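A.B. asks: Chains as they are written, first to last, in our numbering: chain A, 103 to 642; chain B, 9 to 533.
FYI, nobody ran anything at the bench for these hints, they're computed from the structure. A few of these clues could be false.
Stated by the list, open to error - Only pairs whose alpha carbons sit at most 25 Å apart, straight line, appear in this in silico DSS-like list of lysine-lysine:
(1) 526/B / 435/B
(2) 338/B / 119/B
(3) 489/B / 304/A
(4) 529/A / 189/B
(5) 529/A / 489/B
(6) 590/A / 220/B
(7) 116/A / 220/B
(8) 338/B / 543/A
Said to hold, decoys possible - Covered stretches of chain A (in silico footprint by chain B; criterion: 3 or more residues with CB under 8 Å from a CB of chain B, positions within the stretch not fixed):
(9) 440-447
(10) 503-515
Values in this document were obtained by computation on a predicted structure and should not be read as measured data. Note that beta-carbon positions come from the ideal geometry of N, C-alpha and C, so glycine has one too.
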Amino acid sequence: MPYLDPFSGEFSSKEANQLLKRVSFGVTETMVAEAVSLGLQATINKLFEEKKLPEPPLKDLPDGNDSGQIIDPDVKYGETWVTAPIYPDLPTSQERNRVFRYRNRSLYAWSFLQMQNSGISILEKLTLFWHNHFVSENTNPHREYFYMNTLRKNALGNFKELTKQITINQNMLLYLSGHENSDKAPNENYSRELLELFTIGKGAAVGNGDYTFYTEEDVVQIAKVLTGWRARWIRHEDSLNAYFTNNRHTKGDKQLSHRFNNAIIKENGAEEYKDVIDVIFKQEECSKFIIRQLYRWFLNSEISEEIETHIIVPLAEMLRSNNYEVAPVLKALLTSEHFFENTFCMIKSPLDLMLSATKGLKASAPNINITEEYNFAYVMYLACTDLGQSLYHHPDVAGWKAYYQEPLFYKTWVNNYFLPKRLEYCKVLVLGGKLNINNRKYTVPPIIPVLDIAASIPNALDANILIVELASRLFNYDITQEQINSLKAVLIDGLPDFEWTVEYDQYLQEPNNSALAISVDKKLRNLVAVMVQMSEFQIM
Amino acid sequence: MKKTKNLNRRDFIKLTSIASASLPFALSGFPLYANDKPKEYQFNTENDNILVLVQLQGGNDGLNTVFDLNQYDNLQSVRSNIIIPERELLTVNSTTSFHPAMAGLQNIWNKDKLAIVQNVGYPNQNRSHFRSSDIWNSASNANDFVSSGWIGRFFEEKHPTFPENYPNEHNTDPFAITIGKIVSETCQGNLSNFSMALEDPENPGTALASNKGNIPNNCYGNALSFVNDTIAQTNAYATVIEKAANAGNNLSEKYTSTNLSEKLKNVAKLISGGLKTKVYIVQIGGFDTHDNQIVEGDRSTGKQAVLLQELSDAIAAFQEDLELLNIDEKVIGMTYSEFGRRIRSNAGLGTDHGTAAPLFMFGNCVNNSILGDAPEIDTAVDEKEGVQMQFDFRNIYSTILTDWLGATKQEVTNVLFENFEALPLFKTGCSAALSVEDFLSQKLEVTVYPNPTTNFINITFFGNNENVKITLYNTIGAIVKNITNKKYDTLQHKINVDLQNLPKGNYFVHYASKGVSKTKKILKY
Numbered sequence: 103m104p105y106l107d108p109f110s111g112e113f114s115s116k117e118a119n120q121l122l123k124r125v126s127f128g129v130t131e132t133m134v135a136e137a138v139s140l141g142l143q144a145t146i147n148k149l150f151e152e153k154k155l156p157e158p159p160l161k162d163l164p165d166g167n168d169s170g171q172i173i174d175p176d177v178k179y180g181e182t183w184v185t186a187p188i189y190p191d192l193p194t195s196q197e198r199n200r201v202f203r204y205r206n207r208s209l210y211a212w213s214f215l216q217m218q219n220s221g222i223s224i225l226e227k228l229t230l231f232w233h234n235h236f237v238s239e240n241t242n243p244h245r246e247y248f249y250m251n252t253l254r255k256n257a258l259g260n261f262k263e264l265t266k267q268i269t270i271n272q273n274m275l276l277y278l279s280g281h282e283n284s285d286k287a288p289n290e291n292y293s294r295e296l297l298e299l300f301t302i303g304k305g306a307a308v309g310n311g312d313y314t315f316y317t318e319e320d321v322v323q324i325a326k327v328l329t330g331w332r333a334r335w336i337r338h339e340d341s342l343n344a345y346f347t348n349n350r351h352t353k354g355d356k357q358l359s360h361r362f363n364n365a366i367i368k369e370n371g372a373e374e375y376k377d378v379i380d381v382i383f384k385q386e387e388c389s390k391f392i393i394r395q396l397y398r399w400f401l402n403s404e405i406s407e408e409i410e411t412h413i414i415v416p417l418a419e420m421l422r423s424n425n426y427e428v429a430p431v432l433k434a435l436l437t438s439e440h441f442f443e444n445t446f447c448m449i450k451s452p453l454d455l456m457l458s459a460t461k462g463l464k465a466s467a468p469n470i471n472i473t474e475e476y477n478f479a480y481v482m483y484l485a486c487t488d489l490g491q492s493l494y495h496h497p498d499v500a501g502w503k504a505y506y507q508e509p510l511f512y513k514t515w516v517n518n519y520f521l522p523k524r525l526e527y528c529k530v531l532v533l534g535g536k537l538n539i540n541n542r543k544y545t546v547p548p549i550i551p552v553l554d555i556a557a558s559i560p561n562a563l564d565a566n567i568l569i570v571e572l573a574s575r576l577f578n579y580d581i582t583q584e585q586i587n588s589l590k591a592v593l594i595d596g597l598p599d600f601e602w603t604v605e606y607d608q609y610l611q612e613p614n615n616s617a618l619a620i621s622v623d624k625k626l627r628n629l630v631a632v633m634v635q636m637s638e639f640q641i642m
Numbered sequence: 009m010k011k012t013k014n015l016n017r018r019d020f021i022k023l024t025s026i027a028s029a030s031l032p033f034a035l036s037g038f039p040l041y042a043n044d045k046p047k048e049y050q051f052n053t054e055n056d057n058i059l060v061l062v063q064l065q066g067g068n069d070g071l072n073t074v075f076d077l078n079q080y081d082n083l084q085s086v087r088s089n090i091i092i093p094e095r096e097l098l099t100v101n102s103t104t105s106f107h108p109a110m111a112g113l114q115n116i117w118n119k120d121k122l123a124i125v126q127n128v129g130y131p132n133q134n135r136s137h138f139r140s141s142d143i144w145n146s147a148s149n150a151n152d153f154v155s156s157g158w159i160g161r162f163f164e165e166k167h168p169t170f171p172e173n174y175p176n177e178h179n180t181d182p183f184a185i186t187i188g189k190i191v192s193e194t195c196q197g198n199l200s201n202f203s204m205a206l207e208d209p210e211n212p213g214t215a216l217a218s219n220k221g222n223i224p225n226n227c228y229g230n231a232l233s234f235v236n237d238t239i240a241q242t243n244a245y246a247t248v249i250e251k252a253a254n255a256g257n258n259l260s261e262k263y264t265s266t267n268l269s270e271k272l273k274n275v276a277k278l279i280s281g282g283l284k285t286k287v288y289i290v291q292i293g294g295f296d297t298h299d300n301q302i303v304e305g306d307r308s309t310g311k312q313a314v315l316l317q318e319l320s321d322a323i324a325a326f327q328e329d330l331e332l333l334n335i336d337e338k339v340i341g342m343t344y345s346e347f348g349r350r351i352r353s354n355a356g357l358g359t360d361h362g363t364a365a366p367l368f369m370f371g372n373c374v375n376n377s378i379l380g381d382a383p384e385i386d387t388a389v390d391e392k393e394g395v396q397m398q399f400d401f402r403n404i405y406s407t408i409l410t411d412w413l414g415a416t417k418q419e420v421t422n423v424l425f426e427n428f429e430a431l432p433l434f435k436t437g438c439s440a441a442l443s444v445e446d447f448l449s450q451k452l453e454v455t456v457y458p459n460p461t462t463n464f465i466n467i468t469f470f471g472n473n474e475n476v477k478i479t480l481y482n483t484i485g486a487i488v489k490n491i492t493n494k495k496y497d498t499l500q501h502k503i504n505v506d507l508q509n510l511p512k513g514n515y516f517v518h519y520a521s522k523g524v525s526k527t528k529k530i531l532k533y
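Please put together the full structure from these sequences, using the hints given.
C.D. replies: Quick look at the structure:
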């Protein structure tokens, strides 16, 4: 078992497909081909390229008072609202709420578009990881946007630095009661989650409020360290930045438990939070904790003793020696023998599923104008929400259960409520039709270009080759001959193979014959619609 | 585009009717108990009892839910900023009152159908939401990690191979249903979760069943068969649920548009439609009231008031519906939350994570009573202190499993990993209640002296030829000393306990014997 040794095998399309599925969204044949021609190392470099922040979300609804339109006093159609005042000056709260709602909607659609439009880059998968790690919720669109910006800016960067920024981020102060935390009224909400969920994790309770890696007393003391930080009122001119007020801060030194070697956090006012985070990050467990989280995010939910010893511990050591820079460690993991030897058995998250059924199938998402572009992305956002993965709205501070709840882990995405919907949504995206989301129907055109997909498969005239190649793109592992036969029966309705060859060949000869095109398109579409409903497609 | 019809082929079967695979064991109806049923249990063989679990997520503030008037002044001095004015409280009995939003539960008490169990928790309280919810759902010791749930293990006793070949001729209906999008961890078995997630009973959803390919013996095969099985069961159970939903009815006018009300309404409908599901789980979130638990100036309103109103109104409507539908004899409900909150409030008009809290059970067969003592409030209480545990929640689970769901003692011990005594939670003659003689009838006298103390304490009590367990806890609910755990004869006993090695502060002596528990606070200085 070479574990973290650099992968020495051939980086063929199979490996490229596996890698890209885990680090990006909706892998296309074009991306796979590019990765293969680049080779593993260059692909990794490309994945980790630093990127400028994307262009901000836009006002996607036309100006006006008719249905489907809205007046924003500060923003015109097609401009961004993130530079506009956070609190629009409007006479009634109803009008203001309408503006807030379209901005929320624009932000959610835009966030989906970032994933949909990203190519060979790990940035969006990592941004989503941090979004699920440092869970925070706020209904104000500006606050949501700038919080996500902080995560995106630091996604490939330094975990310790990000933790510091998040600790005094006004969204987090509001979400986990840091805003209420004062000398007179200590509030432990944030300090508890800082330890339990964000940095070091909870070990076994060994009695007397001791959770192996920290104690109840540490929760109390760290709450004191963090007193004095406040979020600003939404109508304040600097409402997006938190501030420190020394008269709410608990003065004096604070002492942590033996779990932190009785470290003393000296009185240091507005800088004290950094000191305590430095102390937490000195603990080995802190590095192991985040490595396990990343492992579950990118590889597998099961962490055996063997994995702990040979993967987690050495990576954690590497993370510490890189002062908590995450990129070098992830690169090591993603180029290791272990990564490619591992069995790929992760059940797709709703975002992975929806994007693999659209972007991964070369769907041409509507983009005639921004209204249409955002509209489609918003419907996709709603579909993912309905399937249990709502961007900006986690079930609680621990994030999505798929990444922590034993023993189900990823299987929480699939139950008798979600599964029929997952299959139905995939089917509708391929066939076109109505997506029924929360009792509202959204019409989706058949956006999967099945003829183009077939055209990209050499020798698609042979029904067997066509199906085997499609299966290798859509699924992790080969399917059986019996399954291939069943799929052929779907393609050509039980007729002999040559019927497909004849018909497809005729179409290739006369691509402008619309009757032939329609007939072939229909056959292929039915085939793909069935394949995206196969259990194999649920897994990546 | 009706090509999906092709899927009716042999290899792509849309399962719309119940699979009729044969079953290895012949049981009729819902299996009740094994052959080793002890004689003292008086179950009828067609036990069709149903349990409804209401999970209050976030940790409900019990001290602001059930009030004891004798403790009111002390409570006021430690949570002066959030306590509900005494005149606004709802009367339960001469010393006990409810939060003003709980007229619904007060009404059930007045109908003689409500049990209040005080100070329910577990030893070594864990104050993380997630870990503590796991402990309640799995019914494990605080220090053990168990990934299955207590209801799941109960079903597994009789159905160890589930989900393979389920549903079948003898088990046509889902074992448990979580109303919502995600299955409850209480129902997690070692192989599979015994509950279905159901949002809309009239439209339970069906899924395309694709043909099964190779199932390799690794995590990929495991994930594949998980998806395949979920599809098969979804389809098989969908029919029975839809049938029950269509046949079912609601008669109460008291349901409102709140989430919990809607959920319980669906439960009543399914039960009245004849669904044989044994356990339903509904959840209500938002009890993590670190701040603004109440509204300053109008304290009977605020975050917690809204939640208690939703809870209480929904349960009252549900209970009334069961009565009108004439199915109230076979249904009981139980509320639970991962922990109570601190005794002292914080200055943000809220409360932080604490320890034990009261729990409610409702239903015709529930013994209308207040079990346990009102939490004693010390005005000098430490800021970290929560309400000390008096009853282990597993005593309640144990009672429900034997007295309501018909498990044998042995099965319950398997499910809960050790033996937990039952409590007098059910009316006699109703359900399958244990005989009352089983509970200690004489007045319990436990004395602890000297108190305050410096170096040691004496604990005196009368034995009853029963096991007595005495444990010393600190103020955050952690065990600091196991004092005794053995059988004592009927004489008076005295145990001397050395406290010299313990730090100064408050401690609690917890005494438990045959369904009776007592907690005494002591001060070491």
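A.B. asks: Run every hint past the structure and note whether it holds.
C.D. replies: Now for the hints, and whether the structure bears them out:
Restraint check for residue 526/B and residue 435/B: the C-alpha separation of about 23 Å stays at or below 25 Å, so the hint holds. For the suggested pair residue 338/B and residue 119/B, the alpha carbons sit about 17 Å apart, so the restraint of at most 25 Å is met. Among the hinted pairs, residue 489/B with residue 304/A is consistent with the structure: their alpha-carbon atoms are about 24 Å apart, no more than 25 Å. A C-alpha spacing of about 21 Å is found between residue 529/A and residue 189/B, which places the hinted pair at or below 25 Å, so the restraint holds.
Proximity of residue 529/A to residue 489/B is assessed by CA-CA distance (about 61 Å); at most 25 Å being required, the pair is judged violated. Distance hint between residue 590/A and residue 220/B is fulfilled; the C-alpha atoms sit about 16 Å from each other, no more than 25 Å. Taken as a hint, the residue 116/A and residue 220/B pair is honoured in the structure, with Cα atoms around 23 Å apart against an allowance of 25 Å. Of the supplied pair hints, the one linking residue 338/B and residue 543/A is violated, its CA atoms being roughly 40 Å apart against a limit of 25 Å.
For the segment 440-447 of chain A, the stated coverage by chain B is satisfied: 3 residues place a CB nearer than 8 Å to a CB of that chain, which reaches the threshold of 3. Here's how the segment 503-515 of chain A fares: 9 of its residues keep a CB closer than 8 Å to some CB of chain B, so the rule of at least three is met and the hint holds.
In terms of the numbered hints stated before, the structure departs from hints 5 and 8, listed from lowest to highest.
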